[in-house]
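Colleague: The lines below spell out each chain.
2 protein chains.
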Amino acid sequence: MAVNALSQTPREIRELVRVGRWEARTTAGVAPGYVQANLVILPKAQAFDFLLFCQRNPKPCPLIEVMEAGVAEPAITAPGADIRTDLPRYRVFRDGALVKETDDILEEWRDDLVTFLLGCSFTFEAALLDAGISLRHIEQEKNVSMYVTTLATRPAGQFAGPTVVSMRPIPQEKVVRAVQITSRFPDVHGAPVHIGDPQRIGIRDLSKPDYGDIVELEKGEVPVFWACGVTPQAVAMHSKPPLMITHAPGNMFVTDQRDQELAVL
Amino acid sequence: MAVNALSQTPREIRELVRVGRWEARTTAGVAPGYVQANLVILPKAQAFDFLLFCQRNPKPCPLIEVMEAGVAEPAITAPGADIRTDLPRYRVFRDGALVKETDDILEEWRDDLVTFLLGCSFTFEAALLDAGISLRHIEQEKNVSMYVTTLATRPAGQFAGPTVVSMRPIPQEKVVRAVQITSRFPDVHGAPVHIGDPQRIGIRDLSKPDYGDIVELEKGEVPVFWACGVTPQAVAMHSKPPLMITHAPGNMFVTDQRDQELAVL
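Protein chains in written order, with my numbering: chain A, 1 to 265; chain B, 1 to 265.
Just so you know, the hints here were simulated from the structure itself, not pulled from any lab data.
Do not take every clue at face value.
Stated by the list, open to error - Computed list of lysine-lysine pairs in PhoX-like fashion (alpha-carbon distance at most 25 Å, straight line):
(1) A:Lys59 <-> A:Lys208
(2) A:Lys174 <-> A:Lys142
(3) A:Lys44 <-> B:Lys240
(4) A:Lys240 <-> A:Lys100
(5) A:Lys59 <-> B:Lys100
(6) B:Lys44 <-> A:Lys44
(7) B:Lys174 <-> B:Lys100
(8) A:Lys174 <-> A:Lys59
(9) B:Lys44 <-> A:Lys240
(10) B:Lys219 <-> B:Lys240
(11) A:Lys174 <-> A:Lys219
(12) A:Lys219 <-> A:Lys142
None of these values were measured; they are calculated from a predicted model.
Turn these sequences into a full structure, and let the hints steer you where they fit.
Modeller: Written as structure tokens, this is what we have:
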């Protein structure tokens, strides 16, 4: 992690990223207390359907900000920022296939591109940690375990597909508190979609995640499942749009918005 | 009000409306416990910007359901219903001007029309009444007082304009509870936008509402202001779309969704 990353403001981080002086491999843990966002960029021709998909599926696809076609500045959540340069790493997909990882998307940018910023679980994880609920994947410096489920999303236009969930082992006696805390944050996935039996949502084997790392369940712990930000990317990719740009895993967009601004109560 | 209107299900009410046997002049108070929705229909060419406007302004424009272009059945909130016939009365606007009030919009319907259903205050008013907070405009069988404010909405594409608010007099000692109760319902305008001094939000004279009736403020009462569903209609009309269809005032779409399904906590 870059020197002083924990004390840097979102703006300072974005400026380091922009000029190529950001050396960390992930934005996890930086600028604590500020909202980080998943990125999906699509051509205007796909944008209405994708916005509708997010509106219908707020748990996996919580919208933080959507910009008009051709607009590169997230004026609401990060005034002065540039979405084309201020993320550490991007992925470029054409017709559903990854064609490039890159540090900026100035070459790819077009006037018809619509940017979607979606809430990510860092915000509710911070709230869980604040409440004394430890998170094993963070302790073990792993990625969270993610699974494709049999929970269908609500289709919208060309977009459809299963909900992808993340799993966190929660001690039995803290499950209720975990539900309460994450319920306060509907804009960053919100309350769990399922508690307990993985089979009920089509997960056959917890030790075989579809994405991320294996995180062991210990005695007295319950697997708790939250809708995951991989869902909209997987759904969008499945429809094979001519062009789609996303953040590279773990390389989020750091906004100026405080986590607590997203709390509903 | 039609016979037994209070005990009719939303489906029964919609069927009576559809065949022209609904005789009431308003849907206020019917099918208690069920969500009623404001209607805005726009051509696809304006739909992305309007959806974006609603996403950026959830308090005045809380989306209940948005349908794909040409789809007349609200499959999520009222399966089997037909948005073209199941509201008692519609208004048709062309280039921003009211050209027609009508009992159905079968003649106006086109394959490129996108339907937006927006939450209305009936849901949170029911919750306030349940909590023992009486509402004068209901007691006096008036419309709520509504005012154009100096609170700007966040513009999106061609859509911009001021927030319209509704005012309800709340006894001083019940103001906190009123905030708590309505905060639970972000999909039907949610928490107030302002409490107290009308001047602070650009209202010069409470006795001169811009829409609705005068509702007197009595001693010991505080004026509490909520974002109002007139906002999206006023904003859409201001941009003079070639075609816009809305419900006629008080003639909402009665959905199958329960009020309590919209509560966040």
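Colleague: Could you run down the list of hints and mark each one as holding or not?
Modeller: Okay, the hints, checked on the actual structure:
1. Restraint check for lysine 59 (chain A) and lysine 208 (chain A): satisfied, since their Cα atoms lie roughly 23 Å apart, inside the 25 Å limit.
2. Our distance criterion of 25 Å between C-alpha atoms is met by lysine 174 (chain A) and lysine 142 (chain A), whose separation comes to about 22 Å.
3. Between lysine 44 (chain A) and lysine 240 (chain B) the CA atoms are separated by roughly 22 Å; this keeps the pair inside 25 Å, and the hint holds.
4. Between lysine 240 (chain A) and lysine 100 (chain A) the CA atoms are separated by roughly 16 Å; this keeps the pair inside 25 Å, and the hint holds.
5. For a cut-off of 25 Å, the pair hint linking lysine 59 (chain A) to lysine 100 (chain B) is broken: about 40 Å separates their Cα positions.
6. Restraint check: the Cα-Cα separation between lysine 44 (chain B) and lysine 44 (chain A) comes to about 13 Å, which is no more than 25 Å; the hinted pair holds.
7. For the given pair, lysine 174 (chain B) sits about 42 Å from lysine 100 (chain B) by alpha-carbon distance, which is inconsistent with the 25 Å threshold.
8. With a C-alpha separation of about 22 Å, the suggested pairing of lysine 174 (chain A) with lysine 59 (chain A) holds against the 25 Å cut-off.
9. Pair hint lysine 44 (chain B) plus lysine 240 (chain A) holds up; C-alpha atoms about 22 Å apart against a cutoff of 25 Å.
10. Note on lysine 219 (chain B) and lysine 240 (chain B): the hinted pairing is violated, with a Cα-Cα distance of about 42 Å set against a maximum of 25 Å.
11. The suggested pairing of lysine 174 (chain A) with lysine 219 (chain A) holds, with an alpha-carbon distance near 14 Å, which does not exceed 25 Å.
12. Distance restraint check for lysine 219 (chain A) and lysine 142 (chain A): the Cα-Cα separation of roughly 20 Å lies within the 25 Å cut-off, and the hinted pair is therefore satisfied.
Hint violations for this structure: numbers 5, 7 and 10, all remaining hints satisfied.
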